[in-house]
Amino acid sequence: MDGIHDVGGMQGFGHTKPLTAGPPFAEPWEGKAFALGLLAIRAAGANLHAFRHAIERVPPAEYLSGYYARWLMGAQNLLQDSGVVSGEEVTARAARLSGQHAAEPAQPELRKPGMPSGGPGNLRNLDAPPAFAVGEAVRTRNLDPSGHTRLPRYVRRRTGTVIAVQPAQVFPDSAAHFLGEDPQYVYSVEFTSRELWGAGCEPFSLSIDLFEPYLEPAT
Amino acid sequence: MDGIHDVGGMQGFGHTKPLTAGPPFAEPWEGKAFALGLLAIRAAGANLHAFRHAIERVPPAEYLSGYYARWLMGAQNLLQDSGVVSGEEVTARAARLSGQHAAEPAQPELRKPGMPSGGPGNLRNLDAPPAFAVGEAVRTRNLDPSGHTRLPRYVRRRTGTVIAVQPAQVFPDSAAHFLGEDPQYVYSVEFTSRELWGAGCEPFSLSIDLFEPYLEPAT
Amino acid sequence: MTAAQEHLDPALRVEALASLLTERGLIDPATVENFIKTYEKSVGPMNGAKVVARAWTDPQYRVRLLADGTAAIAELGFKGPQGEHIVVLENTPSVHHVVVCTLCSCYPWPVLGLPPSWYKDPAYRSRVVREPRMVLAEFGLMLADDVQVKVFDSSSEVRYMVLPERPDGTGHLSEDELAALVTRDAMVGVAAVSAP
Amino acid sequence: MTAAQEHLDPALRVEALASLLTERGLIDPATVENFIKTYEKSVGPMNGAKVVARAWTDPQYRVRLLADGTAAIAELGFKGPQGEHIVVLENTPSVHHVVVCTLCSCYPWPVLGLPPSWYKDPAYRSRVVREPRMVLAEFGLMLADDVQVKVFDSSSEVRYMVLPERPDGTGHLSEDELAALVTRDAMVGVAAVSAP
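Protein chains in written order, with this note's numbering: chain A, 1 to 219; chain B, 1 to 219; chain P, 1 to 196; chain H, 1 to 196.
These aren't lab readings, by the way, just hints derived from the structure by calculation.
It is possible that part of the hints are untrue.
[What the hints assert, rightly or not] In silico DSSO-like cross-links for lysine-lysine, where the CA-CA straight-line distance does not exceed 27 Å: (1) H/LYS150 <-> A/LYS112; (2) P/LYS79 <-> P/LYS41; (3) A/LYS17 <-> H/LYS37.
Next comes chain A alone, as it looks inside the complex (with noise of 0.2 Å):
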């Protein structure tokens, strides 16, 4: 998915904020909107690329009014999915909670997904080798899915060389859909800054990790 959340390389975004030491929490409901984005997770019996979906799809400019903003509305669009909880019913609950009368609207009927899990955490075992080798140079493909997926635009349609195999992972692109682990080779691939953003820039190496159906090799 092409969105808000895709900002590698964007402009526009101003300066840096200062590096300050603050506390995790700027205020108490941000500690509260972490806490329950993580437990909404298993409320809707989701998994945490699903959340990570949930929370791209928040409409832009809400997207960009804040972290734990997101965060929370991302949560809230997967107990709407898995109908645990309705807009209608958090809008309600939100005016009583303010002082205004408002009537309950009925519960949702759960429509939790069912995806079998390969155990806890996202690093699995294969049984194939992988598909490409450290040192060995590799394009990413002209992918464009409207779904969930890794693979950021600045990035695509490029190529580099395989710095680093990581572990198998489950992939994200298939588990954020629910669509089964499908588990994947991860290569940390390393792109010369002139490959992303052509004369001129700075000249830097960039690392990513790719999963292995984004790839394919260079020719």
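Since chain A is already given, all that's left is putting chains B, P and H on it; use the hints.
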């Protein structure tokens, strides 16, 4: 500039707004904002391209807040850049108009850009012939300018076909930064949807008008 | 790169800017009013509708319009800002054109006036270059599978206007009556023209 | 695709959601409090700082840490969510590493706790993969021209932590004293560690 304005192909903005036939200005301030934007170009000694770039530089969350809101902030950017009015002056005047006491800051120093104009409008005649002809295969260069450009992200590094040679025009990438008109031929370049979005997309063709420096022969 | 600005309600920002610029003699409130009136009253899709109705009723005009849109449109007296070079795209039973400006909201002002809200909205701008059939269907325009869809992204000073198909059963209508049928949406390519 | 939600102040939204979920027995307020306390008190950059200080003072630990970050970090008792596979990147006089997650805000929780505000902000996420030297300079870290900059975008479940350079003049400090010098920012790669 890979800014928030470059939305071609982005996902997550939801449904289109309905095709209602409302008046051009939904509220009186929108009409005033419209006129003021056009007049600001002249007052700032700027041009249309610089105005577009000034809108692109509006911070993303504000950009998304609405068309005439970003148009107006773009106008203010132009006026600030040229030292015609300062942001402090606008803030102070807004406070006074709201009935608050606010000291009016000193006027800034004028620093209007100087760029010779080749005449009214943006069409120009060139002595040299166009580099590409109708039917020719062209590829968009690996360009990623940090300034104004009319080469959106979604057509970069793609191969298409010239379907029309348009009149030469002032080059936005140069004129927006007051670096001269540097007129260039413009080509309507047609891409297949598959070239843009990969397999699995709707079948259609997309034509976009690209300035000669954005293109190279497809090999 | 990004210019920081104090957050202000836009209705207040416009008053503050207008007040400062007027005071400095840089704008004239009468000019502001005049701009607003022009685009509220004189310049709008009724202009483009006249062009379309003429093309439907005068085959030679249609040929001129498709060969040199700017000149043919000027014959009817329509020209001005955002109309330096207008190209007319003819919809047929087998080809459907639809126009967008993904980078801002470029639009052929002399024939269509100022762009409507949906045209300027990121939802339209982002989606119509990626899933045009889906967008058209959302707007209520269902195209047969064998119709070719051609999307035009207005990224230079060329402006595009769609010449929609003349609806069946309108052979008896006058040019003025035909013009009354033509909608802005049809001239952008997101709707068809219906018989009365 | 986009899920519409009523606009609500997030502080109110969290109360509404918590109230509904608690009522349905789906969350326990004590668990919520426990999560908050854990990341406010027990899990934070003081963990990573111990790892760094150990690597600076125990050459064999340093070798193990660079070979298998997850295992070496677990030796000090640090593991848990967002730490399934941790890779440690060693900064040297000639190579500087800096870590980001452009797509969300992935971060090695067991060693660094929850990410700070600047790490989650679109300005950092967008810019550090395009102009890292400029971003580092903005943060006050000036790198010599001959230092190679390597940016790591954490796009899978691999998590990265930077092993910063040990500052000169700290030969006399104990492991605990060294740990007190190590900042979160240095372990992300946006700052250097300074001698006291």
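Hints, verified against the model:
The straight-line distance between the Cα atoms of H/LYS150 and A/LYS112 is roughly 42 Å, outside the 27 Å bound, and the hint therefore fails. About 15 Å separates the Cα atoms of P/LYS79 and P/LYS41, which keeps this hinted pair within 27 Å; it holds. Our distance criterion of 27 Å between C-alpha atoms is met by A/LYS17 and H/LYS37, whose separation comes to about 25 Å.
When each numbered hint is compared with the structure, a violation occurs for hint 1 only.
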